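Given next are the chains, with one letter for each unit.
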Amino acid sequence: MKKHLITISDLSKNEIIEIFKQGKVFKDILQRPIKKIPTLRGKTVGLLFFEPSTRTKLSFELAAKRMSADTINFSASTSSLKKNESIKDTIMTLEAMKIDIYVVRHPSPGVPAMITKIIKGSVINAGDGAHAHPTQGILDAYTVWEKFGDVKGLHIAILGDVKYSRVIRSDIEIFLKLGAHLTLCTAKTLMPNWIDPKVKYTTNIEKAVKDADVIMGLRMQKERQDSAIIPDEIEFNTFFGIKNIKIANKKNNYIVMHPGPINRGIEIDGDIADSKHSVINEQVTNGLATRMAIFYALFQG
Amino acid sequence: MKAKNKIMEKIDIMRSLKRIAHEIVEFNKGTDSLIILGIRRRGVPLGKLINEEIKKTEGKSAPFGILDITLYRDDLSTLGEKPKVNSTEINFDINDKNIVLIDDVLYTGRTIRSAIDEIMDFGRPASVQVAVLIDRGHRELPIFANYIGRTIPTKKSEIIKVMTEETDGKWEVWIYEKLDK
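Heads up: the protein sequence lines correspond to chains A and B, in order. The opening position of the first sequence corresponds to residue 94 in the numbering used here, with each subsequent residue numbered one higher. The opening position of the second sequence corresponds to residue 1026 in the numbering used here, with each subsequent residue numbered one higher.
Looking at chain A on its own, in the form it has when it is part of the complex (with noise of 0.2 Å):
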């Protein structure tokens, strides 16, 4: 593997099973009780989070220390950045400190990428503005790998905002990679323009949904949209929202999922999010594991 991950490109196919192979063991360690393994005793995971976000950041700490690893906590509301301290001069900073892993949120695109070149360590991409969220991708792609055994042939169906999500160029290129069908369901107004010509496209929801094994809901990004999008949020909800009416004549095993955190009655209906094949909780613990994963696959002697 490579040393370190800012986009899903920077994994081939092996090494994605790889990291969902050794996900399913460290879930399992979850399930002990005492749930902390000493393999990162010594080491210490900088969480430099220059946007705020919550369980992302809950995710990785938690990660970090199941592992025995130190972590330190930057935050850009709390930082010397208010001084005018550049991003370079506080990485620096921290490098002095002898970091292991950085792990970056940023809410512009390629910080992440531009710090590797300051420190030796590793860093992990937590999401760089609209660029990039690999780790989330890999924990949404793992979730499928794991309900389903393979990823390859199935049909995923997004709905939601996709224009102004993160989330999905990293899905969308981890399930290509993979083998997926994608088909890609929202208002016109919440398509980008860059979406891969092996993405499918449709505004007729009960089309994108009739033979999805996946059907997964991207939060509405209200803070991300600076002009009127839509309409209003319940005509959303009526025509693109997961709705009961629109997905209850499927077949029995498909799945629900979301990245959180979910907009009820806009993106997609409680009762469906509450339903048996949500696994939008699950996905939770899975990305503690798969996260467990990467920073044993990513750490140095």
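Hints were generated in silico from the structure; no laboratory data involved. Note that the structure is a prediction, hence the values are computed from the model and not measured. Among the hints, erroneous ones may be present.
Ranges between beta-carbon positions, derived for each pair [claimed, not checked]:
| hint | chain 1 | residue 1 | chain 2 | residue 2 | range |
| --- | --- | --- | --- | --- | --- |
| 1 | A | 364 | B | 1082 | 54 to 60 Å |
| 2 | A | 161 | B | 1176 | 34 to 40 Å |
| 3 | A | 161 | B | 1151 | 23 to 29 Å |
| 4 | A | 364 | B | 1152 | 29 to 35 Å |
| 5 | B | 1099 | A | 369 | 27 to 33 Å |
No more than 30 Å apart at the CA atoms, straight line, and that leaves these computed lysine-lysine pairs for BS3-like [what the hints assert, rightly or not]:
| hint | chain 1 | residue 1 | chain 2 | residue 2 |
| --- | --- | --- | --- | --- |
| 6 | A | 128 | B | 1107 |
| 7 | A | 158 | B | 1109 |
| 8 | B | 1109 | A | 95 |
Don't be surprised by glycine CBs; every beta carbon is placed ideally from N, CA and C.
Starting from the known structure of chain A, arrange chain B on it as the hints suggest.
Leaving out everything else, chain B in the frame of chain A:
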């Protein structure tokens, strides 16, 4: 690596395992609080055979589990290529039980140290004992085996290879000489 000597045939291995099984139940007074744990990889087939022998003499076998000690190794950060992690399978309570760890070769003692650390993350056993097919000496930690198939004095430049049907297609023990690079 050059093969020097075959030191055990299948029949020798089976005799040793049979004796070890008897010693285990003798010392632990039956199988009531006994647990057998095989250390991946070659401790697993050895442990299974010992447990079968225990069943023959006692009428019932002990709960059998598998330990993968990779994540507990003390040399992970010095290895270039990270070893793959396999699952540890302990699907029963180990508190207040007598655990017998099974491995093929006892050498530096570091594997057993890792295994003991891992076991402690599952609970507090009454005792931990060690059974190995070969004890070749050169301990780097204060660790000993309670049950030993055969003690073989070796040079550090030698390698002891225990072959099992599950992992190598046959039961044999060989001694190899490391060749100078």
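Going down the list of hints, with the structure as the test:
1. Range check, residue 364(A) to residue 1082(B): Cβ separation about 59 Å, and the 54 to 60 Å hint holds.
2. Remark: the range hint 34 to 40 Å for residue 161(A) to residue 1176(B) is upheld by a beta-carbon distance near 36 Å.
3. With their beta carbons about 27 Å apart, residue 161(A) and residue 1151(B) fall inside the hinted range of 23 to 29 Å.
4. Separation of residue 364(A) from residue 1152(B) is about 53 Å and departs from the stated range, judged on CB atoms against 29 to 35 Å.
5. For the pair residue 1099(B) and residue 369(A), the supplied restraint of 27 to 33 Å is violated, since their beta-carbon distance comes to about 45 Å.
6. Under the criterion of a C-alpha separation no larger than 30 Å, the hint pairing residue 128(A) with residue 1107(B) is consistent with the structure, at around 22 Å.
7. Taken as a hint, the residue 158(A) and residue 1109(B) pair is honoured in the structure, with Cα atoms around 21 Å apart against an allowance of 30 Å.
8. With a C-alpha separation of about 16 Å, the suggested pairing of residue 1109(B) with residue 95(A) holds against the 30 Å cut-off.
Hint check: violations occur at hints 4 and 5; the rest are consistent with the structure.
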